[in-house]
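For the record, the sequence lines run as chains A and X.
Here the first sequence stands for residues 0 to 692, where the numbers follow numbering that gives the first Met the number 0.
Here the second sequence stands for residues 0 to 150, where the numbers follow numbering that gives the first Met the number 0.
It is possible that some hints are incorrect.
[To be verified] Simulated crosslink set (DSSO-like; lysine-lysine; CA at most 27 Å straight-line):
| id | chain 1 | residue 1 | chain 2 | residue 2 |
| --- | --- | --- | --- | --- |
| 1 | X | K67 | X | K130 |
| 2 | A | K669 | X | K85 |
| 3 | X | K43 | A | K638 |
| 4 | A | K118 | A | K14 |
| 5 | A | K663 | X | K27 |
| 6 | X | K43 | A | K533 |
| 7 | X | K43 | A | K575 |
| 8 | A | K663 | X | K132 |
Calculated directly from the structure, the hints in this document are not laboratory data.
Letter by letter, the chains look like this.
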Amino acid sequence: MDVTQYLEIFLDETKEHLQSLSDQFMILEQEPDNMDTINEIFRSAHTLKGMAGTMGYKRLQALTHDMENVFSEVRNNTIKVDSAMVDLLFQVLDALEEYTENIQNTTEEGTNDNEHLIKALNDYLANGGSGAPAASTPAAAPETAPAAEVTASQSADPSKEKWRDIKLGDTENAVLGEAVKQGKKCYGVSVYVQESCILKAARAFLVFKALEEIGEIIVSVPSAQDIEDERFEFDFSMIIITEADAESVKKAVLDVSEIEAAYVGEVEVKVPEAKAEVQVAQVEETAKADNSAQGGVAKQDKKPAGKPIVNRTVRVDIEKLDSLMNLVSELIIAKNSLVSTSSQEGMLTDTTFNEQIEYLESVTTNLHESVMKVRMVPIESVVQKFPKMIRDLSKKLDKKMTLYMSGEETELDRTVVDEIGDPLMHLLRNSADHGLESSQVRKERGKPEMGSIFLDAYQEGNNVIIEVRDDGNGIDVEAVKAKAIARGAITAEQAENMSDKDIIGLLFLPSFSTAKQVTDVSGRGVGLDVVKSKIESLSGEVDVRTKLGEGSTFIIRLPLTLAIIQALMVEVGGEKYAISLGSIQTLEDIDPSEIEHVQAKEVINLRGTVIPLIRLNEVLDIESTKSPDENLLVIIVKKGDKLAGLVVDELMGQQEIVIKSLGKYINKSKIISGATILGDGEIALILDTNALL
Amino acid sequence: MNEIREQYETTQFIVVKYGDEQFGVDIKYVDNIVRMQRITRVPKVQTYIKGVINLRGEVIPVLSLRLKMGLEDDTITKATRIIIIKLESGECIGVLVDEVKEVVTLENAAIEKVAYDSKDPRANFIFGVGKEKDGLISLLDISGTFAEKEA
Numbered sequence: 000m001d002v003t004q005y006l007e008i009f010l011d012e013t014k015e016h017l018q019s020l021s022d023q024f025m026i027l028e029q030e031p032d033n034m035d036t037i038n039e040i041f042r043s044a045h046t047l048k049g050m051a052g053t054m055g056y057k058r059l060q061a062l063t064h065d066m067e068n069v070f071s072e073v074r075n076n077t078i079k080v081d082s083a084m085v086d087l088l089f090q091v092l093d094a095l096e097e098y099t100e101n102i103q104n105t106t107e108e109g110t111n112d113n114e115h116l117i118k119a120l121n122d123y124l125a126n127g128g129s130g131a132p133a134a135s136t137p138a139a140a141p142e143t144a145p146a147a148e149v150t151a152s153q154s155a156d157p158s159k160e161k162w163r164d165i166k167l168g169d170t171e172n173a174v175l176g177e178a179v180k181q182g183k184k185c186y187g188v189s190v191y192v193q194e195s196c197i198l199k200a201a202r203a204f205l206v207f208k209a210l211e212e213i214g215e216i217i218v219s220v221p222s223a224q225d226i227e228d229e230r231f232e233f234d235f236s237m238i239i240i241t242e243a244d245a246e247s248v249k250k251a252v253l254d255v256s257e258i259e260a261a262y263v264g265e266v267e268v269k270v271p272e273a274k275a276e277v278q279v280a281q282v283e284e285t286a287k288a289d290n291s292a293q294g295g296v297a298k299q300d301k302k303p304a305g306k307p308i309v310n311r312t313v314r315v316d317i318e319k320l321d322s323l324m325n326l327v328s329e330l331i332i333a334k335n336s337l338v339s340t341s342s343q344e345g346m347l348t349d350t351t352f353n354e355q356i357e358y359l360e361s362v363t364t365n366l367h368e369s370v371m372k373v374r375m376v377p378i379e380s381v382v383q384k385f386p387k388m389i390r391d392l393s394k395k396l397d398k399k400m401t402l403y404m405s406g407e408e409t410e411l412d413r414t415v416v417d418e419i420g421d422p423l424m425h426l427l428r429n430s431a432d433h434g435l436e437s438s439q440v441r442k443e444r445g446k447p448e449m450g451s452i453f454l455d456a457y458q459e460g461n462n463v464i465i466e467v468r469d470d471g472n473g474i475d476v477e478a479v480k481a482k483a484i485a486r487g488a489i490t491a492e493q494a495e496n497m498s499d500k501d502i503i504g505l506l507f508l509p510s511f512s513t514a515k516q517v518t519d520v521s522g523r524g525v526g527l528d529v530v531k532s533k534i535e536s537l538s539g540e541v542d543v544r545t546k547l548g549e550g551s552t553f554i555i556r557l558p559l560t561l562a563i564i565q566a567l568m569v570e571v572g573g574e575k576y577a578i579s580l581g582s583i584q585t586l587e588d589i590d591p592s593e594i595e596h597v598q599a600k601e602v603i604n605l606r607g608t609v610i611p612l613i614r615l616n617e618v619l620d621i622e623s624t625k626s627p628d629e630n631l632l633v634i635i636v637k638k639g640d641k642l643a644g645l646v647v648d649e650l651m652g653q654q655e656i657v658i659k660s661l662g663k664y665i666n667k668s669k670i671i672s673g674a675t676i677l678g679d680g681e682i683a684l685i686l687d688t689n690a691l692l
Numbered sequence: 000m001n002e003i004r005e006q007y008e009t010t011q012f013i014v015v016k017y018g019d020e021q022f023g024v025d026i027k028y029v030d031n032i033v034r035m036q037r038i039t040r041v042p043k044v045q046t047y048i049k050g051v052i053n054l055r056g057e058v059i060p061v062l063s064l065r066l067k068m069g070l071e072d073d074t075i076t077k078a079t080r081i082i083i084i085k086l087e088s089g090e091c092i093g094v095l096v097d098e099v100k101e102v103v104t105l106e107n108a109a110i111e112k113v114a115y116d117s118k119d120p121r122a123n124f125i126f127g128v129g130k131e132k133d134g135l136i137s138l139l140d141i142s143g144t145f146a147e148k149e150a
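The task is simple: from the sequences and hints, build the whole structure.
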């Protein structure tokens, strides 16, 4: 059988199972006796083994097989789980991940036999498994079960003909009636897939395909969609119209491999004038056996109870979404253009026109929101690998630590989620390595020996905040200062005048690591600056809060959306600029006499807060169109807890703008984050106020 | 045999003028030629970048080859055009030219390669000189002239 077409499904499911194994191992480490966990691991290992076997990945199969054996013994209480075993399991997991990665990259699993792991697993079996021969018993067990099933189902059992339970609607009845008139036959078909079959949906699909070749499927239970999503146990039924006879229908189904049995019977269609009604005929002389059928079903229902219900999803290539997004962008530009013409020309009187434009405006805004939502994925996919990473770090650094995560369901744009993994990993490693003290020191300081690292994600307005917090040592400002001076990054005098916050900011400079010892976990001096530049490339920002002795918090703030933002349009020196509404606090009208000077810099005192003024025309190298004695238009912008007042010439109003890149060719300055096309086709540049502060 | 064929192979160039001098741009790089339009200045960028224009909904940087080659700044006239060049990276840039003259077809034999001359900065922008009835055409080396990211 050619299995390559199932490779994608296989990889997806394998990854899911590996993740589940990783999660379960973590639980197992805490609660070595948790029977649910042990069962879950056994099931995952068994499924993995089966899938690997189907796909012909022998090494993957062998390793999971041995793991399954061990867990079979654990289940029987003949082996006890200890921490050495959990360590081994994690190694096995790493090896399995390696195989999977190889398969993903090359479709081959690689040549690493991981014999030492297999041996180690078998040692467990040999030592603990009282007389359980390593290979045979557990592996055989799942296979014997379906075998028994087969014999049972060989005898024509009407309870298996589940198609009899199919309820037909008027339309279907009409169709069937029509078919019978044309001399075609209607059959009910119930198909049973082998319980050991891994890719049930794929099998079902092949059955559907085979039947569609000889006839037409009128209705199926469960629905085709459910079957495709694998939401069925081991059987499904359908009613088909065909010209072929019952035998060939049955043969067509059974030709598909891993199909255990098929039951075909003719559906008797009665065709009264108005309403066609179907009464299910009794093909083989049987009594109605609903009750016994129920018994059979109940038995099957028990087993896969724990399986989570999968969301109805469609995989879409991100490129298609990008092009959809571009179209929405174009639509918004066109809408903006309509809005601007309608306000310019004498069309203001025409109320219906304006109403329509407003309608168009709300539709485009909603459309934009939905498309953005489609692109949103939970950060879960990125953060779920962290518990294991922290565990590994804990062993490596010989520090006790636990990771607490919250808000894994927080959603971000797909492109951001893809990029956010590395910076988060850096921060977590940083916390584990530099942040948390050694157990010894922690004890001396009266802290719990177990260090805690927190990863919290949540949405705040138009931003998503991800915090990485630890209860470790915090950042030693003096140490950073000394290091910076030693490195020549700042002079001793400069250091005197720098606030603690500025000093901590030095940590984000390239090649700055305060770890006294370079470990292979972190402390190579690449880290925080990489984190910062990565986050900034995603239009986000990083902030640190720390208290010596109590721990530090790294706060990552990311914008929810990247492509389209609400902006305030302003004019400076006759040029148009856009400022993201997200960063704007208030707009102020300031009399020039209110300007004061602090350290030769202009500031204003706004309701008790001293705010530095930034004259945008100076930053942008252009002449202001206003005379110096006119009142100043000041936009108060915020970055973290810093405020600044941007002086502009004119305000043009709020607008939804589509962010366009200036391209790689321009060595753009940090203060310009992009450009947008206005309704009249003119280009306005987007100011990044974060870079100004 | 191949050499002979190469001699007779032809390349089409768009001939543009800066003052009296003629330059040729290999037609395969030219995406479009547009009339002068409003260029939005971008502050704090390379001096030879004139700004950006809106080309069918895309934001395209426009640069002055005059400034880049160390000539006088462009004077915008009715004849001024922006040639949209598609770089090998797929990115488009606009280049201001005084005038677009014509398209010529040159046989490879009619192209004289010029050697790299570190003393003459302009020579770095040119890979050869084409001989044609109206005189000489300096052929622009697109990848050299518009190499991305340089100060």
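Here is how each hint holds up against the structure:
Between K67/X and K130/X the CA atoms are separated by roughly 25 Å; this keeps the pair inside 27 Å, and the hint holds. A C-alpha spacing of about 26 Å is found between K669/A and K85/X, which places the hinted pair at or below 27 Å, so the restraint holds. Only pairs whose Cα atoms come within 27 Å are accepted, and K43/X paired with K638/A is accepted, the gap being roughly 22 Å. This hinted pair checks out: K118/A and K14/A have alpha carbons roughly 24 Å apart, not beyond 27 Å.
Taking the CA atoms of K663/A and K27/X, the gap is about 21 Å. The hint holds against a cut of 27 Å. Our distance criterion of 27 Å between C-alpha atoms is met by K43/X and K533/A, whose separation comes to about 23 Å. With a C-alpha separation of about 16 Å, the suggested pairing of K43/X with K575/A holds against the 27 Å cut-off. At most 27 Å may separate the alpha-carbon atoms for a hinted pair to count; K663/A and K132/X exceed this at roughly 39 Å.
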